[in-house]
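Take the sequences, apply the hints, and build the full model.
Chain order of the listed sequences is A, B, C and D.
Just so we're on the same page, the working numbering is the position in the first sequence counted from 1, plus 3.
Just so we're on the same page, the working numbering is the position in the second sequence counted from 1, plus 3.
Just so we're on the same page, the working numbering is the position in the third sequence counted from 1, plus 3.
Just so we're on the same page, the working numbering is the position in the fourth sequence counted from 1, plus 3.
Some hints could be false.
Put simply, identical chains are the same to the list, so a pair is met inside one copy or across any two.
[As the list claims (entries may be wrong)] In silico DSBU-like pairs for lysine-lysine, Cα to Cα no more than 30 Å straight-line:
| id | residue 1 | residue 2 |
| --- | --- | --- |
| 1 | Lys-36 | Lys-355 |
| 2 | Lys-93 | Lys-36 |
| 3 | Lys-211 | Lys-64 |
| 4 | Lys-165 | Lys-355 |
| 5 | Lys-54 | Lys-36 |
| 6 | Lys-36 | Lys-165 |
| 7 | Lys-93 | Lys-196 |
| 8 | Lys-264 | Lys-99 |
| 9 | Lys-211 | Lys-355 |
| 10 | Lys-48 | Lys-189 |
| 11 | Lys-64 | Lys-54 |
| 12 | Lys-60 | Lys-264 |
| 13 | Lys-165 | Lys-48 |
| 14 | Lys-355 | Lys-99 |
| 15 | Lys-48 | Lys-64 |
| 16 | Lys-196 | Lys-54 |
| 17 | Lys-93 | Lys-163 |
| 18 | Lys-36 | Lys-99 |
| 19 | Lys-163 | Lys-189 |
| 20 | Lys-299 | Lys-165 |
| 21 | Lys-299 | Lys-264 |
| 22 | Lys-299 | Lys-60 |
| 23 | Lys-264 | Lys-54 |
| 24 | Lys-48 | Lys-264 |
| 25 | Lys-264 | Lys-93 |
Keep in mind the hints are simulated off the structure, nothing from the lab.
Bear in mind the structure is a predicted one, so any value in this text is a computation, not a measurement.
Protein chains: 4
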Amino acid sequence: MNTFGNKLKLSTFGESHGTAIGGIIDGLPAGIKVDMEFIQNELDKRRPGGKYATSRKESDKVEILSGIYDGFTTGCPVGFIIANTSQHSKDYDNIKDLFRPGHADYTYFAKFGIRDHRGGGRSSARESACRVAGGAFAALLLAEFGISVQSCVTQVGDIKAKDIDFDFANSSEIFWADQSNQDSAKELILNTKNDNDSLGATVLTIIKDAPAGLGEVLYNKLDAALASAMMGINGVKGVEIGDGIDVANMLGSSNNDCMNKDGFITNHCGGILGGISNGNDIVIKSHFKPTPSIFKAQPTINLDGNEVICELRGRHDPCIGVRGSVVATAMARLVIADMLLLNASANLNNLKRIYE
Amino acid sequence: MNTFGNKLKLSTFGESHGTAIGGIIDGLPAGIKVDMEFIQNELDKRRPGGKYATSRKESDKVEILSGIYDGFTTGCPVGFIIANTSQHSKDYDNIKDLFRPGHADYTYFAKFGIRDHRGGGRSSARESACRVAGGAFAALLLAEFGISVQSCVTQVGDIKAKDIDFDFANSSEIFWADQSNQDSAKELILNTKNDNDSLGATVLTIIKDAPAGLGEVLYNKLDAALASAMMGINGVKGVEIGDGIDVANMLGSSNNDCMNKDGFITNHCGGILGGISNGNDIVIKSHFKPTPSIFKAQPTINLDGNEVICELRGRHDPCIGVRGSVVATAMARLVIADMLLLNASANLNNLKRIYE
Amino acid sequence: MNTFGNKLKLSTFGESHGTAIGGIIDGLPAGIKVDMEFIQNELDKRRPGGKYATSRKESDKVEILSGIYDGFTTGCPVGFIIANTSQHSKDYDNIKDLFRPGHADYTYFAKFGIRDHRGGGRSSARESACRVAGGAFAALLLAEFGISVQSCVTQVGDIKAKDIDFDFANSSEIFWADQSNQDSAKELILNTKNDNDSLGATVLTIIKDAPAGLGEVLYNKLDAALASAMMGINGVKGVEIGDGIDVANMLGSSNNDCMNKDGFITNHCGGILGGISNGNDIVIKSHFKPTPSIFKAQPTINLDGNEVICELRGRHDPCIGVRGSVVATAMARLVIADMLLLNASANLNNLKRIYE
Amino acid sequence: MNTFGNKLKLSTFGESHGTAIGGIIDGLPAGIKVDMEFIQNELDKRRPGGKYATSRKESDKVEILSGIYDGFTTGCPVGFIIANTSQHSKDYDNIKDLFRPGHADYTYFAKFGIRDHRGGGRSSARESACRVAGGAFAALLLAEFGISVQSCVTQVGDIKAKDIDFDFANSSEIFWADQSNQDSAKELILNTKNDNDSLGATVLTIIKDAPAGLGEVLYNKLDAALASAMMGINGVKGVEIGDGIDVANMLGSSNNDCMNKDGFITNHCGGILGGISNGNDIVIKSHFKPTPSIFKAQPTINLDGNEVICELRGRHDPCIGVRGSVVATAMARLVIADMLLLNASANLNNLKRIYE
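In C-alpha cells:
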C-alpha cells in the first residue's frame, strides 16, 4: 500500500503529471515546533534543476493543510500537497503504447491492466518529494532528541570517494563526499549524459546519536526496516548495513565488535545488533541503478506484443543516485523516528515515567 | 512486533531455552492440501546437527494444533509448536552478567532492562525454525500455482561458487552451489571451526515462475519486502536484488532489460521493476556475517560496566549462513505468498472472476 | 490513527478551520469507472445548509488529485481535498480557553497538551465530508457487484418512524423514513432549535445484496468492523446489528434464523452469523446523541481549572443524527468494500479463478 | 484476521475440538511481574461447568511457553496454549452435513468451502478462553497504573438488576449484579434450560481510573475500539457507551456533561468524549443473544440444499451472556491496555520524560 511506517506513518498519493502530489504524516507527537523554512529547504535539495539533474522546472513548494496550530504540531495528521506545474505530457505521447526498458511500465500494466503513462505516472521518482517532506517532519522530531541523519554520494560509475566529508557533501551540487575527486565525478556524469547514457551510484547514510534500544523484536528490526526503506527507493538494488556484503569474507574474530568501558571499540555492525540500535553510528549504504531513461534507441514491445524501438524524449537525471541521496536521508529519518515512537512503550520504566 | 506479512501473517514466539517455540500462520486460503511430510522435511533441513552445524540435538518435530481439517487448510489460523528439548542452560551461566560481542545481549538489555541470557533468549537463531515452518506452509500455497523458491550457498570466506547448481545444492550438506569446489568450502569451514573462529557466507535465492504483477504500490514493493525479509534474518548485513551493488558501476544502456516478442532479453533487474515482479526469475543475494559465538577470548563489559573477558561455552554453528540458506528460502516463500494474496484484489477483472 | 480499513484504506486529514480537509483512498482496484457526478452528489447530501442543519455555507467541492486516468481508477491512491471556505474562527475566540461541555475540548487537551479550538479543530464533524467522499468511491466498487447501502433517520427525540421507506427518505430533507410523521419530526427539530437546545436521533442502515462470506475470522468480524465504523462517527453512543439490544430478552427458539430451500426464513441476526455475512440484508442501527453545541449557558472550567460559564456562538446542527445518516452510509460502504477485497483470497478456488 | 489490538496484540488459534487452543500476546512492556495464580483464576471464571453453564469439563490450565524470565515479562511475545481435553466430537456427527440455525455453519462454509463442524470449529466460544488469558496479562499491566476493569450481568430475559453491586457479582455464580433478584435470574435460566431453550443477557462493563487522554484520533477512537471488541464477542448484537441508545431521545441540555472544579458533574458520555477518555468511569453495555444451540427441533438445510430437521446433542450454556461477561472484561482490558501503550507517544512531553 501507499503508507510507510507503523507509529509514524507517511501516506502519499500522486502521479508525475497529475494536478499535485501530496501526503499525510500521521502520528507526529503534539508539541513539536515546526520550522517551515527547514522543511522547504529539504524539498529544495531534492528539487529538479541544474546541470546534474533533470531540467524539469518545479518550484516544489510544499503547502501544509492541517495538523499545525500556532506553530506547533497538534497530534493531528499533517496533510500537505506539492503542485505539479511543469508537466510536459506530450513528451510521452510516443511511449503511450509501449513499455520503456528499465521502467515499471510493463509491471504496472501487468498488475492493473491500465497505466498512466505520462511521466511514468505513480512509478515516477517525482513521488519522492513527498518522502522528503515526510522525512523533514521526522527530522524535527529527531532534532528534539539530538538525533541527526545525513547522506552523501560515495560512488558514481567507477569513481569512488576516498574520504567521507559530510560538510563538503552538504554544499556539493552532487552531494559528493570527497572534495579531492569531485571534479572527476562531475565530469563523468556530464560525459555520460552527453553520450545519451546514464550512471549508477552509491549513497552512504549515517544516523548519529540515536539511543540504544531502537528496533522491534523480531520482525520489525531496525535493520530490516532500513533495508525496506532503502530498497523501496526508486532504483535501489542493494542495501548494506555496517560492513555489509564484506561480512561474507570475514571471520567472527574480526567482525565482532568488542567493548570496553567507553563502549564499543569498533563498529563493524553499523550500529545495529540483533536488529536493535546499540548507540553507535548507524551506517547504511544504498546502491542506485543508472537512470533507466536514456536517449539511445532500445528494443521493446508494445501493448499488442509487437517488437518496436523505444526512443525517449523528456527531461531526465543522468544519475538518479545524486538526488536519491536526499531521499535516502528522508527514509532513514522516517524509520528512526518511527522506532523512537514504537520504543516508548518497550518497558514498564518508560511508561511509569509518563503516567506517574 | 513479532509478526511478518500483511495478508499471510506469520507470528512467532519462543526463546532458545524456553519450553517450546512456535507460531501462528494466519491468512492461508482454505482448501490447500497439507503435506505434513514436506513440512517436517523442511524443518529437518534447518535442524541442528552434523559437522558443519551446532551439535545441539533437537528433533524439531513440528506439532500442528489447529487450522487443518481432513487434510486441508480451513481458512483458520494454523497454530504450531516445536519443543525445545536439548537446552543446556548451564552453558550460559558465565555470560549471565556480561554482553557477548556480536550478539544482541547489550541491545536487548538497553531496550528492555531485562534479558533472558540463556542461549540468547529470543534473539537466538533458534526462532528461525518457526520461519521455516511458516515458509513451508507458504510453499504449499505457491506449489498450487507452480511457483518455487530455492536457495544455495555461493560463498564462504574467500571461496566462491563458480557455477550455480541448485540440484547439487539440495543434496549438499552445506547447501553449496558448485560441486567443483565444495570440498574446499567444507575444508575452510572445518579449519575455521578448529581454529575456534567462524565464517561469513553469501546465499543466493531464486524465485521461479512467479506471475508478473506481484508487489504493492508504493511502500510495500516486492523488492522492499524481500529486503526486509532477508535483512531481518539473524546475521544478514547486505541484500541485493538482480545485479545488486554492481549497478553503481553500470550504464543505463547496459543495465536496462530490453524486450522482444519472447519477453525480457536480459534480467539485470532480478525480476522486479518498479517494485513489481515482471515474470522473470526473482534473484536475491543475502550476505551473512560470521557466527558471533566464537571460542576465542574477547574483551567486553558486564552489567556494571566493568571490563571483563568473554569466554564462551555451548554449541554453535561455525558458519550461520549455511543453515541460514534454509531460512532465506522460507522468508522468500512467505513474501511471495503474501504478495500473491495481496494482489488478488489489484484490479476489477480479478474480482469479477471471483464474485461473478 | 487517522486511517480506516485494511485492504481499502481511507486516511484523512484536516481541521474545521484549516485551509482544507482531505484524504487518500488506497487499495481501490484498478479499472473502476469513476462517476464524478455521483461522488459530488454524495458530498452534497452531507453539505451544511438548510433549516435543519448548520447555516455554515460550504460548497464542499471535492477535488481529485490522483489515481484516475482516462476516467478509470488506476490502482494507485486517490488523493482528494475539500476546501474550507466559510470559517468564522472569531466565533470561537471566547471558548479558546475553556472546555465546551459535550465536546472533545477537554480530552484533546489532556492527550496532546495543545488544542486547535477553532470550530473544534480535528474533532469537528466537518471531517466527515472526507468519509463521505471515501464512501462514495467504495460505492462505485460495490455497484460493480450490485451491492447497495442506504440509511434513513428513524427516530428524533420521542418521535419514531412507523414505516421504513428508503425511497421517501432519499428525498426527505431530514432523511426521514416515514412520510406519515415527517412533519412532526421536522417540527420537533425546529422547536428544539428555537429553544436553543438540540436533539438525539436513530439512524437505520441497510446493506443489500452483499454476498455470503464477507467478514474476517476472528478479530475483524463484519459486525465488529461495522460497530467500530458506526461508533466512531461523531456523536454515536450505541450500535445494534439485527435485533440488537432486544436479543437480551429473547429465547433461542425465537431468535435463531431457521432455513428452508429458499434460504433464511427470518433475519433476526441482521445478515451476520459468526461475524460473516449470510447473504441477507445487513441491518445496523446507530444512535446519535444530541448536538453538544447548544445556546444555553452551561457551567464548565477553563484551562486554569477555574469555573466559568460557557456561552456558545457559531452555527450548529440542531440534530447531528440527520446529516450523520449520510456518514453512516459512507462508513458502511467502506466496511463492506474492505471486506469484499479481503475475502478475495479466502479460499483456493477464488485464487485459482484469478491466477489460472 | 486472528489478531486483536495495535500495540498490544493478541493473536489466537484453535478450534473447539482440536488438540489445543492458544495464542501469542505481543507488545507487553518488559518488567511486569507475572502473577500466574491471577491469570489461572481468570481462566477459571470462564471455565465450563456448573448448573448455569455447559457441562463440558475442561481444566483450562493455561501453559505459558515464552516471554517470561525470572517472573517478569521480557518484552518478548508470550506464547501460551490451553489443551482441549473433553471433546465429544461424536456429538456432532449428525450435524456434519447441515447448517445449525443461529450458528456460523452456513457462513463459514460460504466463505471457505470447507468447515470443521466439530463443536463449531473455530467459531466456537471456546476460543474466548484465549481472550481471557490475553485480558489477564493486560490486567497485570493495568494494575501497575491502578486501572481496573469489571463486568456483571444486569439482565437475563425480562429480569433486570435494579442495583449494581460488583462485589456481589464477583462472588455470584452467574455474575449477577443484584443480590435482591439473583434467585429469580437463576430460576429463569434453569427453567429455560429445562424447556430446551436458551436466554439472552446484558452485560455491564466498567473501566475505573483510566487516565484522561486514551484513544486515538480519528479512526481508532476508544469508543470505536470498545465497540469492535464487544461486538466481536460471540453472540453480542448491541453495544452501548454511557447513556447508549437512550441518547436518541435526549436533549443536548440534559445529555451534555458539564464541569466544575472537581471535574465532570455527570457522566452521560460514559467516560469518553470525542473518542478519548476523560478520566471518568468508562461505561459499556453489551447485549448477548440467546445461545443458538437449543434442544428443540429446528428446520434447516443440508450441504445439498435439501430441507432437514436439526436436532442437537452436545453440551451447551443456557445463557452465553453469563460466561460472556468474563470475556467482556477481558476485551475491555485488552483495549484499554492497547490505548495506554499507543498514547505513550502522543506528545513531546511524554517522550522527553522517557528519553531525557
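(Q) Regarding Lys-165 and Lys-355, is the shortest C-alpha distance of 30 Å or less found within a copy, between copies, in both, or in neither? (A) neither (48 Å within a copy, 39 Å between copies)
Q: Could you figure out if Lys-299 and Lys-60 sit no more than 30 Å apart (CA to CA) within one copy, between two copies, both or neither?
A: within (23 Å within a copy, 56 Å between copies)
(Q) If the cut is 30 Å between Cα atoms, do Lys-48 and Lys-189 qualify within a copy, between copies, both or neither? (A) Answer is within: at 17 Å inside a copy they meet the 30 Å cutoff, but 51 Å across does not.
(Q) Checking an output row: Lys-165 and Lys-48, CA cutoff 30 Å. Within, between, both or neither? (A) Within one copy, since 24 Å is at most 30 Å while 44 Å is not.
Q: Using 30 Å as the alpha carbon limit, work out where Lys-264 and Lys-54 are close: within a copy, between copies, both or neither.
A: So Lys-264 and Lys-54 fail the 30 Å test inside a copy (50 Å) and across (37 Å) alike.
Q) Should Lys-64 paired with Lys-54 be assigned to within, between, both, or neither, using CA atoms and 30 Å as the limit? A) within (21 Å within a copy, 41 Å between copies)
Q) Quick one: Lys-299 to Lys-264, C-alpha cut-off 30 Å, is that within a copy, between copies, both, or neither? A) between (59 Å within a copy, 20 Å between copies)
Q. Which holds for Lys-211 with Lys-355 at a C-alpha limit of 30 Å: within a copy, between copies, both or neither?
A. both (27 Å within a copy, 18 Å between copies)
Q. What label fits Lys-60 with Lys-264 when the C-alpha limit is 30 Å: within, between, both, or neither?
A. neither (54 Å within a copy, 37 Å between copies)
Q: Since the copies are identical, ignore which copy is meant and state whether Lys-163 and Lys-189 lie within 30 Å (CA to CA) inside a copy, between copies, both or neither.
A: within (12 Å within a copy, 35 Å between copies)
Q: First find the shortest C-alpha distance between Lys-48 and Lys-64 inside one copy, then the shortest across copies, and answer within, between, both or neither for a cut-off of 30 Å.
A: within (12 Å within a copy, 34 Å between copies)
Q.
My question is about Lys-36 and Lys-99: at a cut-off of 30 Å on alpha-carbon distance, are they close within one copy, between copies, both, or neither?
A. Between copies only: 20 Å across, 45 Å inside.
When each numbered hint is compared with the structure, violations occur for hints 4, 5, 6, 12, 17, 20, 23 and 24.
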